[in-house]
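Trainee: Starting from the structure of chain A, add chain G where the hints point.
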Amino acid sequence: MSHPSRRSLLLGALGAAAAGTLSACGARSTTPVTSGQVDLRIWTHDPGYVTTFTKAATDPAISGGSAFTFQPRITSAAPGDIVTRMIAQAVADGNTPDLAGVVIDQFPRVMGSAIAENLFVDLTDTVAPFGDDLLKLAPYEVGGKPYGLDSDNSITVLYYRQDVFAEHGVPEDVATWEEFAEHGERLARDRQISLGMVSVGDNGAIVNGYTQMLLQRGGEVFDESGALALDSPEAVEVLEFLAQGVRTGFLLALPDPYGSACAAALKSGRLAATAMPNWYNAYGLQANVPDQQGRWRMRTLPKFAGGGHLATTLGGTAFTVVKDKPATEAALEFLRRVYLTREGQVLRYHAGGYLPTLRPLYRDPDLLAVRDEYLGGQRVFDVYAAAADDLPLFHQAAGMQVLSAVLGGPVLDALKGRTSAHAAIQAGIAAYRQQVKR
Amino acid sequence: MSAPTLERPPTTASPATGQGSWWSRHQREAAPYAFVSPFFVLFGLFMAVPILVGLYLSCTEWAGLGTPEWVGLRNYADLLTDASFWTSVGNTALYVVFTLLVVVPAALLIAQALNARGLRGRDVFRLAFFMPVVISPIVITLVFGLFFDTEFGIVNGALKAVFGFGGIDWTGDPTWAKATVVILVLWRWTGYLTVFFLAGLQNVPRELHEAAAIDGAGPLRRFTSVTLPALKPVTAFVAVTVLVSTAQIFDEPFLLTQGGPGESTLSVAMFVYRAGFQRQQLGYAAAAGVVLFLVVVALGLLANRLLGVGRDSR
Chain A
174 MSHPSRRSLL
184 LGALGAAAAG
194 TLSACGARST
204 TPVTSGQVDL
214 RIWTHDPGYV
224 TTFTKAATDP
234 AISGGSAFTF
244 QPRITSAAPG
254 DIVTRMIAQA
264 VADGNTPDLA
274 GVVIDQFPRV
284 MGSAIAENLF
294 VDLTDTVAPF
304 GDDLLKLAPY
314 EVGGKPYGLD
324 SDNSITVLYY
334 RQDVFAEHGV
344 PEDVATWEEF
354 AEHGERLARD
364 RQISLGMVSV
374 GDNGAIVNGY
384 TQMLLQRGGE
394 VFDESGALAL
404 DSPEAVEVLE
414 FLAQGVRTGF
424 LLALPDPYGS
434 ACAAALKSGR
444 LAATAMPNWY
454 NAYGLQANVP
464 DQQGRWRMRT
474 LPKFAGGGHL
484 ATTLGGTAFT
494 VVKDKPATEA
504 ALEFLRRVYL
514 TREGQVLRYH
524 AGGYLPTLRP
534 LYRDPDLLAV
544 RDEYLGGQRV
554 FDVYAAAADD
564 LPLFHQAAGM
574 QVLSAVLGGP
584 VLDALKGRTS
594 AHAAIQAGIA
604 AYRQQVKR
Chain G
221 MSAPTLERPP
231 TTASPATGQG
241 SWWSRHQREA
251 APYAFVSPFF
261 VLFGLFMAVP
271 ILVGLYLSCT
281 EWAGLGTPEW
291 VGLRNYADLL
301 TDASFWTSVG
311 NTALYVVFTL
321 LVVVPAALLI
331 AQALNARGLR
341 GRDVFRLAFF
351 MPVVISPIVI
361 TLVFGLFFDT
371 EFGIVNGALK
381 AVFGFGGIDW
391 TGDPTWAKAT
401 VVILVLWRWT
411 GYLTVFFLAG
421 LQNVPRELHE
431 AAAIDGAGPL
441 RRFTSVTLPA
451 LKPVTAFVAV
461 TVLVSTAQIF
471 DEPFLLTQGG
481 PGESTLSVAM
491 FVYRAGFQRQ
501 QLGYAAAAGV
511 VLFLVVVALG
521 LLANRLLGVG
531 RDSR
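These protein sequence lines are chains A and G, in that order. With the working numbering applied, the first sequence corresponds to residues 174 to 611, in that order. With the working numbering applied, the second sequence corresponds to residues 221 to 534, in that order.
Excised from the complex, chain A in its bound form:
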């Protein structure tokens, strides 16, 4: 038997490598998986979702009775990278995820040029049985069709230092923002204590903070059709209110609600109240001032005297199902089981503190019994339930990122007293129209 030469061995190895490479470049199987064990590629930025999906896959109350055996394969990435890489992989016909967690301020990137329609499963039929009971679909709708299910209702409440309020005579049940601002002015003047904060860091933080209050007042950034709706009396009124609050010291101007400056404000006691969403309890208060456990409480927001809602919302992450993949059907079923069932929603709350998006859950005895030790054992769902009954809708549009960039500067100018609220809003609108004409 003749032995192969070194040259033929090398050629053979090269040929095998080339064949492997070419076969890897070939078309992927698109035969749908209809039952049995299925690997679900999940991309997310938040470890809380890793816990949620991992537990859900093995929880008989959630995954039991399915034709599939779900095997989550989770990849962690930064919020912006998830969208960027998903689109890049889709263009290359590569390894897109089956389920992707898209942070709310990244979703506008897929709202234009039919990206959402081409990339994600239309969830209209999936959500239809729930009607108005399913909250927070609006930010993820394109052309009236939902493409993502939010993980968290992100209800904004008022966190406050009960001990400071008692010491300085601030009632815990103040009805309106205007009345609350009067107490804030007094405390700022006499004690250098503020009862709220505004973000003056990057444009995203500035606009998010402003939008949160605008929504509560009954205003909108974009309407349901995606048209800019910022040219309103509410938009000016809210910005005036915030600017006045900064001027008087009632509101503290901080770069963002999480960083070192905010931590310093909380630790030093200069910040004794703040309107922030539910997740701020864990990521803001407990992370920065764990030693203040038991001193903080939460309540629904004061209302604006001019009208609006009892609550508002800020932030969120929707999970989308990538269409036309072998595991698309399985991914959709897994998402439905984790996001649209009582068991799934309760698991999500316990795994990561994500508030239910199904309205009836706010009256669920198990959740109503939840007590938050950091908040002095307060029954938090008493507050969330009242707020969930009067939440504004938040609509987005493809131009949201543009608006955030061009509105941030003028809003900051108004907050710093360098321009009027009306001029700031008009400047933002004009810049937006100039940039989105493209």
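Hints were generated in silico from the structure; no laboratory data involved. There could be a bad hint or two in this list.
What the hints assert, rightly or not - Think about it this way: if two alpha-carbon atoms lie no more than 25 Å apart in a straight line, the pair counts; the simulated PhoX-like pairs of lysine-lysine are:
(1) A:K589 / G:K398
(2) G:K398 / G:K380
(3) G:K452 / A:K589
(4) G:K398 / A:K440
(5) A:K440 / A:K318
What the hints assert, rightly or not - Not close to chain A: a few residues of chain G, all C-beta gaps over 10 Å, as computed:
(6) R340
(7) A437
(8) G479
Glycine included, each C-beta is placed from N, C-alpha and C at the ideal position.
Mentor: Then chain G, alone, in the frame of chain A:
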């Protein structure tokens, strides 16, 4: 021991027919091309092709999915009327001018100081000046955010303690935000450039300084008449490198201010990033990228010619 032979080694071509494989007949001529081909293949794949694709994309409208729509030169025309783009151009020009006029001279002076005879703890100083280059950008962001915070920042605290005022809105005021970014640039890159100058200074013959001193030249005269001319090649290299890299500045404004407040610290590279990866306007981003590329190449060539980089200084 036999002497090495310079004869051509026998080939595998058939001596009877003079025929053989193509390679065996042409390997002498083709071998050099085979040896240099990896560079050209890689250059083509990872440089030429992306540049050509970028040029093509700059003439399209594309959100990343689907087929790019050909729009000709419309993206370039839109750039000319885009106020944000011109803001970013102005900011970038400011960063470039500051770097050339402040950072480079500062690096030279620090290098001169570090090169002084009898300096104790020279290595400690070198380490301290070089440290900012190797510190993680995330740490820099956190530290500078804490330093320059208006309410709780150390800088304002120090100003208040020493001078009695300290209400500077470092990152919230458009002018001060620019100043904060250039302070970060100064802090981050001066030490890095110092290393180049220090290497250059160590190659300046001591005899020249001694001869100048004997002729009665003082320290300043020796610096201007001996050190600077001797450092011309290094200075030219540093200036061109700094010019090209600062024209593409991204990290500092992105980390510190995200281009804000408003767009007052936005650089052209950030503008490109924002259009491409925050707004999915990939064609528009490509057009801005092409403009940036052309400007950087032109400036680099101009500076190269003016400063004579790579030419013999004699």
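Trainee: The structure should be examined with respect to each hint, and the outcome stated for every one.
Mentor: Each hint tested on the structure:
{"no.": "1", "hint": "A:K589 / G:K398", "verdict": "holds, 17 Å"}
{"no.": "2", "hint": "G:K398 / G:K380", "verdict": "holds, 21 Å"}
{"no.": "3", "hint": "G:K452 / A:K589", "verdict": "violated, 48 Å"}
{"no.": "4", "hint": "G:K398 / A:K440", "verdict": "violated, 30 Å"}
{"no.": "5", "hint": "A:K440 / A:K318", "verdict": "violated, 45 Å"}
{"no.": "6", "hint": "R340", "verdict": "holds, 36 Å"}
{"no.": "7", "hint": "A437", "verdict": "holds, 51 Å"}
{"no.": "8", "hint": "G479", "verdict": "violated, 7 Å"}
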